[in-house]
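There are 2 protein chains.
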Amino acid sequence: MTLVVQKFGGTSVGSPERIRAVARRVCDAKGHGHDVVVVVSAMGHTTDELVTLAAQVTPDARRSHPREMDMLLTSGERIAMALLAMAIRDCGSEAISLTGSQAAIITDNTHMGARILEVRADRIREEIAHQRIVIVAGFQGISRSKEVTTLGRGGSDTTAVALAAVLDAERCDIFTDVEGIFTADPRRVPDARVLREVDYDDMVELASSGAQVMHPRAVEIGARYNVPIRVLSSFRNDEHGTLILRRTRTMAPMEGLVLTGLASAAGQAKVTVRGLPPSMEAMTKIMSALAAATVSVDTLTPADRPDGRREVQVTIHEADLPQATEICERLSKEMGGESVDSKTGLTKVTLVGSGMTGMPGVYARALEALLAAGVDVHGIGTSSVSISFLVDAGKEDQTLQSLHAAFDLGKGST
Amino acid sequence: MTLVVQKFGGTSVGSPERIRAVARRVCDAKGHGHDVVVVVSAMGHTTDELVTLAAQVTPDARRSHPREMDMLLTSGERIAMALLAMAIRDCGSEAISLTGSQAAIITDNTHMGARILEVRADRIREEIAHQRIVIVAGFQGISRSKEVTTLGRGGSDTTAVALAAVLDAERCDIFTDVEGIFTADPRRVPDARVLREVDYDDMVELASSGAQVMHPRAVEIGARYNVPIRVLSSFRNDEHGTLILRRTRTMAPMEGLVLTGLASAAGQAKVTVRGLPPSMEAMTKIMSALAAATVSVDTLTPADRPDGRREVQVTIHEADLPQATEICERLSKEMGGESVDSKTGLTKVTLVGSGMTGMPGVYARALEALLAAGVDVHGIGTSSVSISFLVDAGKEDQTLQSLHAAFDLGKGST
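Chains F and Z supply the protein sequences, listed in that same order. First residue of the first sequence: 847, per the numbering used here; consecutive thereafter. First residue of the second sequence: 847, per the numbering used here; consecutive thereafter.
Chain F on its own, in the form it takes in the complex (with noise of 0.2 angstroms):
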């Protein structure tokens, strides 16, 4: 008997109505006689709205008082999973809800952002074999010294993925609110198709390149166990969506570049230290008080000045702007800096592909294109699979559309 994991989202399970309409499709599923096993989210906006709750209780909560958040966020599932399993068993299937201690989904100790450390599916195991839809709630684990833990962004996908991997499953479905994975914004790039399949490092780069659909953690415990993972609409019957699986290419030509798709992250900022001492030591005082204030760097680009003194430039989350300027400024002062200036309303666009790798015209092609569409870039980043730009937000669309057409992307064979 094959096994499949189904994950429905906040938006899927968000009224009655579409609950009982996600019994009816995994009772479907069980009739086609598959094992199945099903992840919630809490309905609709129920976590913001406990958090919400929680603000107005205590004011600072998720610092102050972690775990009890954790407590409070998990009931969120708790509602979902048993109304779930109750309109299954309505269905005519038998159906039981695990929670994610009772489905030994085992994480480290951070509370609001967890890392699963393994799952010991044994449970799960059991209630499959009594031919029971396991219904388990995503986004929680519990700690090995028994907290109740949540797993922070993505957690409903990854706990999807991780049981799909453990479980050994042929399949793990993510419903969504969208047909798959699209080659760029459709709602920006009116060409834009969706992709029938796509490679998981594409789709991790994708992902952490701005791509709401999954988050890149889900799909590289994914890449890890070589679980195929579909992507599609939990509002449609008709669709294939799109599958993230291991690629194998089998199209002509044998080398060269195999582009996939585009994807967008507004609410960039670019924070400059000028006037550094040329020395490692100031530059590695910033990185270390950023890690410290658990401030993600995107990049980080040191710049020798002809007068012998050096800058320093990072990519940020804008909502971290305000601390990493604070950081920026108290260092700069402290070893000599001459100032700290941002640049804020940026939006990275990133061109994801495989074979850049010595391709020379690459950069020139995707400049010439944006530079006919009247895009300025503020900074470039690069790797063997992606080409990311910086520029200003209001410039995403035509920023999007020329690249789309600078590279063919929406002429592709998948």
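No lab work stands behind these hints: they were computed from the structure. Where hints are given, some of them may not hold.
Examples of chain F residues lying across from chain Z (beta carbon under 7 angstroms, computed) [stated by the list, open to error]: (1) 1134; (2) 1229; (3) 1233.
Derived SDA-like pairs (lysine to any residue); straight-line CA-CA distance at most 20 angstroms [said to hold, decoys possible]: (4) 1241(Z) / 1149(F); (5) 1257(Z) / 1038(Z); (6) 1257(Z) / 1031(Z); (7) 1241(F) / 1126(Z); (8) 1189(Z) / 1150(F); (9) 1241(F) / 1031(F); (10) 1131(Z) / 1172(Z); (11) 1241(F) / 1127(Z); (12) 1189(Z) / 1211(Z); (13) 1131(Z) / 1031(F); (14) 1189(Z) / 1151(F); (15) 1241(Z) / 1036(Z).
According to the in silico footprint, chain Z covers these stretches of chain F (three or more CB under 8 angstroms from chain Z) [as the list claims (entries may be wrong)]: (16) 878-887; (17) 1127-1133.
Everything numeric in this text was worked out from a predicted model, so none of it was measured. Note that CB positions come from ideal geometry on N, CA and C, so glycine has one too.
We have chain F already, so just place chain Z on it with the hints.
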């Protein structure tokens, strides 16, 4: 019957004795019940000698006579493969040598650096069906207009992996003069160890970052067609070497950083064009001119100055520096830039792994280790699978050793 492709580089077939040793190894594999396809490079320094010979005949053979250069160079593998075929037949196995053209390795038209478009392997399959060991010339192909081409850097490995892909080989064995892929260069890092397995992606990144053992383009084909590649010493019989494959990481922990190793690429240079007008046109013109001159640009970093002018920094190979400087200086003058300066003698050291996305402490940990080791960093590049540091060439050992220790690369499990 399983098929194995075995590739022997120039050193492995560098003398008559070595050719006989290779013949015995090939016959052994055949004796163990494998069908064997062998790919050979030219003997020892034959190719270099032919290039020197051409230089003695005509001043600039590569540019003026690319077609004839290919005709000249492809004689090198003919010699090696004919001799190897004789030696194999002396061992008692049937063998036949095939040129790139006879083996129908179809490439584009780029002399001295062609890319493989497809392989029409009918002839090879026929010969295999007649129980022959097939020896194919590495590094060479034929264009659709029947011109002889060579594949450029990494050409023989590329031939071998492409054949393994098309023939659906069980494995492609790359025989070299080292024991396998190390976590870092063992001559520089005493506790570097041989990796038993490495994932395609990590290997592409290591190879792109300077690991000399394999060229990234060959690994890319392996990844695209899922061909397991084994790298092992041709001078030892007793070892496992390193298997490059699609790795399923079933080790705990399920999430987090998984680091593979370090690679370094010497001969890097940095060119900075200062005081450009703050427009896209300047940067685009520079990149287009560099691409037209086939200068490969590794990283490209624009930075805005407080006075409104812009600086553009590119990293390139030192060998391209005179040409790049000339182009940058000419365009800088044309566009009212202030000056162009460059820094040479740089080495790029790259840390390769997965799960770096959203790991805020990685930069700090690396920089702290480098600071403690007295290493200054002149540039940094990042992707979701790597971080690169541009350091002074004289500090390469300290850089490798301190990063190897800071990230516990000597203690990994594979």
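How the hints compare with the structure:
1. 1134: 4 angstroms, holds
2. 1229: 3 angstroms, holds
3. 1233: 9 angstroms, violated
4. 1241(Z) / 1149(F): 19 angstroms, holds
5. 1257(Z) / 1038(Z): 9 angstroms, holds
6. 1257(Z) / 1031(Z): This hinted pair holds, its Cα atoms lying about 16 angstroms apart.
7. 1241(F) / 1126(Z): 14 angstroms, holds
8. 1189(Z) / 1150(F): At roughly 10 angstroms apart (the allowed maximum being 20 angstroms), residue 1150(F) and residue 1189(Z) satisfy the hint.
9. 1241(F) / 1031(F): Distance ~14 angstroms between residue 1241(F) and residue 1031(F) Cα, so the pair holds.
10. 1131(Z) / 1172(Z): OK: residue 1131(Z) and residue 1172(Z) at ~14 angstroms, within 20 angstroms.
11. 1241(F) / 1127(Z): Answer holds: residue 1241(F) to residue 1127(Z) is near 16 angstroms, not above 20 angstroms.
12. 1189(Z) / 1211(Z): Distance ~26 angstroms between residue 1189(Z) and residue 1211(Z) Cα, so the pair is violated.
13. 1131(Z) / 1031(F): 29 angstroms, violated
14. 1189(Z) / 1151(F): With a Cα-Cα distance of about 12 angstroms, the restraint between residue 1189(Z) and residue 1151(F) holds, given a limit of 20 angstroms.
15. 1241(Z) / 1036(Z): Holds, because 16 angstroms separates the two Cα atoms, which is no more than 20 angstroms.
16. 878-887: The restraint on the region 878-887 of chain F is violated, since only 0 of its residues have a Cβ under 8 angstroms from chain Z and three are required.
17. 1127-1133: holds (count 4)
Hints 3, 12, 13 and 16, counting from the list given before, are not met by this structure.
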